[in-house]
Every structure is written in structure tokens, then in C-alpha cells.
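**Student:** Following the hints, complete the assembly by docking chain B onto the known chain A.
Residues per chain, in single letters:
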Amino acid sequence: MDFEVTPTSHTLAAYRARGGYQALEKALRELKPAEVTQTVMDSGLQGRGGAAFPAGRKWQGINLDDGLPHYLIANADEGEPGTFKDRWVLENTPHTLLESMLLASYALGVRHSFIYIRGEYDHPWRRLAAAVEEAYAAGYFGASILGSGFSSDLFVFRGAGAYVCGEASSLLGSIEGTRAYPRNRPPRMTVRGLYQLPTIVNNVETLSNIAWIMRNGPQAFREIGTPKSPGTRLISISGHVVRPGVYEVELGYPWGKFVHEDCGGVAGGRAVKAVIPGGISSQILTGKAAGIMTANDPDGLLLAHEALAAIGSSMGSGGMILIAEGTCMVRLLQIMLRFYHHESCGQCTPCRDGMGWMHRVIDRIVNGQGRPEDIETLYQISRANDGTTICGLGDAAGYAATAILDNFRDEFEYFIEHKRSMHEGRLECL
Amino acid sequence: MPVIFINGQEVDTLGHDTVLKVALAHGFHIPHFCWHPALSVAGNCRICMVELEGDGWTDIACNMPVKAGMRVLTDSDAVRAQRKAMLQFILLNHPVDCGICDKAGECALQDYHYEHSGAPRQTPDPKLHTTKFFNLSSRIVLDNERCILCSRCVRFTREISKSNVLGIENRADHSLLRPAEGHSLDEDPYSDNVIDLCPVGALLSRDFMYQARVWYLEPAPSVCPGCERGCTVNLWRRKPEWRLKTLDARQNERILRVTPLENPAVNDYWICNWGRDMAKWLERPRAEQAMLKGRAVAIDEAVEAARALIQAAQRPVALVSSAASNEELEAFKASLGDVFDTFVKSDRVAADGEVIADELLIRADKNPNTRAAQALFGTRPVIFPEDTDLVLAWGEGVEFGELPRGAKILFMGAWLLPENGSADVFIPLSIQTERRGHYTNFEGVVSGFEPVHERPAGVADAETLLPRLASSSEGAA
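Order-wise, the sequence lines are chains A and B.
Going left to right, the first sequence walks through residues 57 to 486 as my numbering numbers them.
Going left to right, the second sequence walks through residues 18 to 494 as my numbering numbers them.
Among these hints, one or two may not hold up.
As the list claims (entries may be wrong) - Quick list of in silico lysine-lysine cross-link-like pairs, DSSO-like style, CA-CA up to 30 Å:
no.	chain 1	residue 1	chain 2	residue 2
1	B	K101	B	K144
2	A	K284	A	K114
3	A	K114	A	K82
4	B	K144	A	K475
5	B	K84	A	K114
6	B	K38	B	K179
Stated by the list, open to error - A few chain B residues that don't get close to chain A, going by computed Cβ distances all over 12 Å:
no.	residue
7	S201
8	R260
9	D265
10	A282
11	E321
12	A392
13	K425
Please keep in mind that the hints were generated in silico from the structure rather than gathered at the bench.
All C-beta atoms in this analysis are idealised placements derived from N, C-alpha and C, irrespective of residue type, glycine included.
For reference, chain A alone in the conformation it holds in the complex:
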């Protein structure tokens, strides 16, 4: 998203000045819908919401000739702890998202599209709502857009603030006005989604790449990043880091360089004990495994989907959390499990009862009443959640817990034996 953030970069005028809506005009004039999908396929764009599923493949699940209305939804319910990159897009360049959604709507035959934005995002919603009004006034939405005969309308839907609403099928329930429970697959959402009609749900950042791809061509997109993960990623880094914030990083960028040079490393010059690469549902890595313990760690990993997948983690939602040496991992797990317990929607058995169980066990350990077998209990609950829940959030909580237990088992054993933390229960940045 090559542009500089200025006080007006979110406006239509500024967006047009940097070439905005040209790709839309060109596509409406010259391209067939299937060609837009093909371009996205060729670009190799992967989903930026967490699962890194190829966006083009998802789109091909829609049958353009079925005669049914289709829906497109931008998932702006950015609930994953540590993640705040979509917020940056919505605040600074909402028109990129709008143009991309128009292109996607054209490609998928969508008459009505939605942006599901979380209720807590007030400022981003104001910016977005203003941008939608500007775009309507300029004729980019509504009937026969730019005289092409293609019509599309956009609704901005504000959620009421539940982590589970970020799960795509549960988000549909929220829009429909029912309880936001994730839905069982099959049927897939591309077969029966919103109002039981074919639906595509994409992350805000995934969609926002499309305007760039259409403007510059899939080849230019593939030239950025690595062969397997092309393009850039927005990474929101937080935790014990000197310069937290949202960074756009080319995939394949050296991780150590990103953390220590661009973000200024850990406050107080301490080493990186661990890093959560992409929201707390992605598996935690030790600083050593990621090769980013210190600025001159020699075997640093590259920031790319395949590199992280190779060591059993993922780039997830791009919400990176840096954890400095001297942090208590037992307390960290307690905070994570408190979150999962609070946010479990309570629909299916393993997550509904398992999250509360894990939370009570970790609370007991932190209160000094842990038993040696509690570690095994946490593992058991995590395993019982693996693949048995309706949506992915139950599995993810289990993966997150097992990753911390695998890597820092000694701290848990120490806590249980001595009834106190190895690190005086420290969590905050010194």
C-alpha cells in the first residue's frame, strides 16, 4: 500500500491523487468478472486473517452461473489479541478497501456487500462511514456504477463486540440478527452462507491488496515477497518492544532485522524470550527458535508463511507480541486462558467446558495450589479440543496452550513446586 500517512490520506481526493479507483474503472470497462478472479488467482494472494488460505481458490468456490444472489463480506471484526492492522487500514486508507470490495463484487457477481466492523472500533468506523458516503456521492456505489451497468451496494454493519464474531460463519449469524454461533460445515459458506446464499468472507487486509494487484498486475505482486508467499503483510507489533505499531513488511524479510532494527528491539536491551508471531492463537515461539533473541542472532528466520509453518507456527493474523527475558509464562498463559474462557461462545461442549476448566486449573496454579498432574490435565484438555469443536477457535486455544507448555514446561513445574513464579510473576515491561 505504497503511500505516506498524512492527515488527509483517508479522503477520496487523496486516494484518487495516488491512483485510486483507476483499477475499478479499467476492470468495469475492459475485464470480464472471471478475468478479475483469474488475476487474483495468478497473484497467489493468501488470506491475511489467520489461515493463509489462497484467496483466489476461495473465490472459485462461488458458481457465477447459479442464478442466486451472492454476498461478499469484509471481516473487520479484528478480535485476535495483539492484532490491530485492519484498524490501521480502516483509519488511513478506507478507500483501498472500498475499491477492492467493488472489484471483488464485480468478480463474484455480488449485488450487496457488507463490512462487518467490531463495535469497539469507533474512530475507524467514523472514517469508514465517511469514506462510504464519499464513494456513494462520487458514484462508485449504487446502480450502474460509472455507467457500466454493474450495480453494487455496501452496508457497514457494526458488531457488538464478541471474539467469536470474527469467525466467518458466526459473523453471518450476527448480521442475520441471530445469536452469533459458528455454523457446522458442511455446507461451506460458498454454498450456503449469509441468508443461506453463497457468501465469501475475506479479511480486510486480504481484500485491500486487490486494488493494488488489479492496478499493477499479478506479476508485479508476485515479484514482492517470496515465491510461496507473495506480497507484503501488515504486522502489528506490541508487547515489550521499543517502537510498537503497524508495519508493512515484505514477506521474506529477515525477522531479526525487523524486530531489532525497525522496531527498536526489546526495551531495556533485554533478550527476546519468546514471540507470539500472529495473534495469541498462533503457536508461541522461543526467541531462540525464531532466531531473534538478540540483534545479532545469526540464524534468524524470514517472515514468510512457509518459514513459520516449517517450525510449527504461523503468521496468523499478523499480531506479533514480543516477550522479553524475565517474563513469567505461567501468568501469560493465565491471561490467555482467561481470555479464551471469557470469549468461548458456549455452543459446543469441548470449548464451552474445556476453556473454563483450563482457566480454573491455571488460576489454581497461580494461586499456589497447583498439583504436578495439572500440566498433564492442561495437555489433555487441549488435545480433546483438537478437531472436535465446531469452529477453529477451540482448536486454536488448545494449540496456544500446548505451545507454551511445550516450550516453558520448567517454569510451570517450578511454579507448582515452589508455589511462586520463577520471575516474580512479572509481565510488564521494565
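**Tutor:** Then chain B, alone, in the frame of chain A:
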């Protein structure tokens, strides 16, 4: 028809079925809590896991469409382990108070725990406590601690009874079943079905609460006499070997509860709340004494008097009960049909506050056998001829003041009513739960009922009584 393999055995399917339906239909029992054949698939209990042979993938059977040639295992190691884990989760905060739970003995959780897990609770943490004895309606008590949140009851009120009164509040293990704000389950005339639907003892009937352990009871198939739908029901009475030693013999004669008897031709899995209360209706005070003008006589003397009345009558009119069984109506037709000018009368009309009719089950005609009676005796409205000199009134719903003046009254009924004494001849009859018979519902479906207990001495069966009335002397009968 696509063929699939369950535990290696070849099984025929209808193309659109799910694995769970096919497995149950072919005798492979897969445990399930939230799935019910009449409700939508919720897939939230996660206990009906099956394994796809080969790739080791497990998924819930209730939401797994059959694909030709698929091979599923219902009892592999992975499946057993997951089942056990799910039971461990469900029982984590369940009070396991089976000793005082009315559901014990027919509780799915109890059965599955015995069959598939049996493991003790693994954590020293105290159980979460929530509401017990939540007042869901005047008929139903909710125990949230026992609730496993399978959402069957919620889906029933949304999809079947369409009252939409139930929902689940809060999240995670704080989730609670609650009525919608400002509403109560009292609004739902089918509410008691959620008691049967509940796989555990969370929803309990106030009527049946602490009345009996279910293993002391046995069901007798019967038909609800509440309206012309004729829903098939089970009437639960004590098993003979478990009779109570009690001074009040009626304790052992009681119908302890009424549950629907599954019947796709009439009422599926449901009955209405009136049907649940039919025991109260059937246990009203009975008439057990034959009378001549209010003077108690032996039943044979009353029959003799009735026969004399019929033979002396010049213009006899009969009001036939539309709550009589097919057999009784045919007996009347055969023996007295030629003698009487016969009309069909309605035995019962809707009481105050009773639902008149709706789209699910309840019908406006509150008699169980109107169709059979009208098929035999026509649909003419009751109009007494000028010179009527005898009225045979059979069953309830007769207004004595409206009968022709001067006509003799021969009354046959089952209940203790003030009118009984003013009839010239009164003969007490048996009721539905004391005899065998059939009703024909408004759609022509014939359903049978069995006796639940013996009839009192001094009460006649209409089926045998009517031929006796017709014969010219006792010896000919």
C-alpha cells in the same frame, strides 16, 4: 442408492441422509445428545463422532452427508477416546445427583456414561453452581446445573411449537437456558414436550416431580381423548410387581404420567399440554352405582328397567357419544340402530382458556371419535321429533333441561354428575382406561388403546351392555 460401509458392513442409504441417520436405522448405535430426528442439526454436543476409515479424520455423524463408498468406523480407538473426553467435559459441572433426579433410569447422560466412559472426575476444582429450581412455567421446573446445553428445547420452541420462548443466555460455561425476556413457557401449549426432549434431567414436570422412579413404571399404549386428532400416547402406571403397600388402593391405579407415543401418521413425537393432563381428566369422580330415578339399584335391575323402557317406547331418540370407541359404536348400530332415531352428539367442548385449534396438533372438535360416529349415524344436527317419548343419552354433554318434556330418559355415563339421579334409568359405564378399543381420528387413522387398570365393580362395558338392552328378554342376550 449409494452404498456406504459402517464398521466394514455394507449399508444401503438414501442419497440425502446423514451418517447418523443411516447408522441408527441399521442398528449401529452412535451416542447423541443434541440430535433429534424431528429437529434441525445443531451439532453442539460433539459426542456422535465417527472416524473416516483410512485418513483417521473424525467428525460428527449427525452433520456428515453420506457419500457413495465412504467407510466410517463408529467404535475405533480415536472415536472412543473422543467420546470419553466429551463425557468428561459434560460431567465436569454436572451435579450427578441421579439419586434424586426424576430422569434417572431414562437419562442419556447416565446411560452413555455407564456405557462409554465410567471415568471418575479428574479435577479437584469445585463444580460451578448455577440456578436450581428455576421457575420456567407453571408446569416446568428448570435445573440449570443439570443442563448440558444441547439446545433441543430451544430448537423445539423455534421449529415445532413456534412459540420462540426459550433461548440461551451468556457465553461459555456461564451459558444458561432462559425464557425470552417478558415471556414464559406458559405461553406454549406444547411446552411439556421439552421434558421428553431433554436428554438429562434439566427440565422437569411439576406434576411428575418426585412421584416415582421410572423403572417402577410401565407404559400402556393409549389414545388421547382430548380432540379429534387422536394422538397416540403412553400412559404410565406402576408395574404389578412394584405395587405400593398402601391403604388407598387408588394409589396403585393412578396414571403417573402421560408421554407421547411416537406415531408419524398422527402426532410424530409430540402431544399438547392438555394431553399431558388427561390423567386428571380421566381421574374425575366416577359414577359406580346404577340408579332408577335416583334410587340405587343393582345393575341388572337397571338393565331390566331400561329394556322395558325401550320396548314400551313409540318414538325413541338416541344421542350417541362421540367419545365412544369404534367397537361400541358398531355394537350400538348392530343392536339398537334400527330401534332408535339416532343423532351424534358432542361430548366435550373447549373449556375456558383451552386452545381451540392450531396448526400443529390441536383441533377444534374436542371429541376423539366424531368421524367414526358420523360415518355410522350421519351428521344431522340434534332435532327432537314432536312426539319423542324416550331419549337414550350416552356420555357427557347432555343438557337435561333441553330434552323434550315428558320423554323418559335413559342415561349412560361414566362420571359422577348431578343429572345421573334425575334420569329414569342411569347405567354407569367404563372409561377408556378400563377397556380395549379403537378411535378413528379426523383423517381416518385408527389407533387402539389398551386397558390401564381394571374397571370398578358395578360398572358396565357399553360394548356388552348395548346388545343386552336390545334383546327382548335377558335369556336371549
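**Student:** Evaluate each hint against the coordinates.
**Tutor:** Here is how each hint holds up against the structure:
Between the alpha carbons of B:K101 and B:K144 the distance comes to roughly 19 Å, so the proposed pair stays at or under 30 Å and holds. For the hint pairing A:K284 with A:K114, the CA-to-CA distance comes to about 17 Å; that is within 30 Å, so the pair holds. Of the supplied pair hints, the one linking A:K114 and A:K82 holds, its CA atoms being roughly 24 Å apart against a limit of 30 Å. A C-alpha spacing of about 23 Å is found between B:K144 and A:K475, which places the hinted pair at or below 30 Å, so the restraint holds.
Annotation: proposed proximity of B:K84 to A:K114 holds, straight-line Cα distance about 23 Å (limit 30 Å). The hinted pair formed by B:K38 and B:K179 meets the criterion: a straight-line CA distance of about 25 Å does not exceed 30 Å. Every C-beta of chain A lies more than 12 Å from that of B:S201, the closest at about 20 Å, which supports listing it as non-interface. Every beta carbon of chain A lies more than 12 Å from that of B:R260, the smallest distance being close to 41 Å; the non-interface claim holds.
With a least beta-carbon separation of about 46 Å from chain A, B:D265 lies farther than 12 Å from that chain, consistent with its non-interface assignment. The non-interface label for B:A282 is consistent with chain A: the shortest C-beta to C-beta separation is roughly 31 Å, beyond 12 Å. Every beta carbon of chain A lies more than 12 Å from that of B:E321, the smallest distance being close to 70 Å; the non-interface claim holds. Chain A leaves B:A392 outside its interface by the beta-carbon criterion, the shortest separation being 45 Å against a cut-off of 12 Å.
Distance check for B:K425 against chain A: the nearest CB is about 67 Å away, which clears 12 Å, and the non-interface claim stands.
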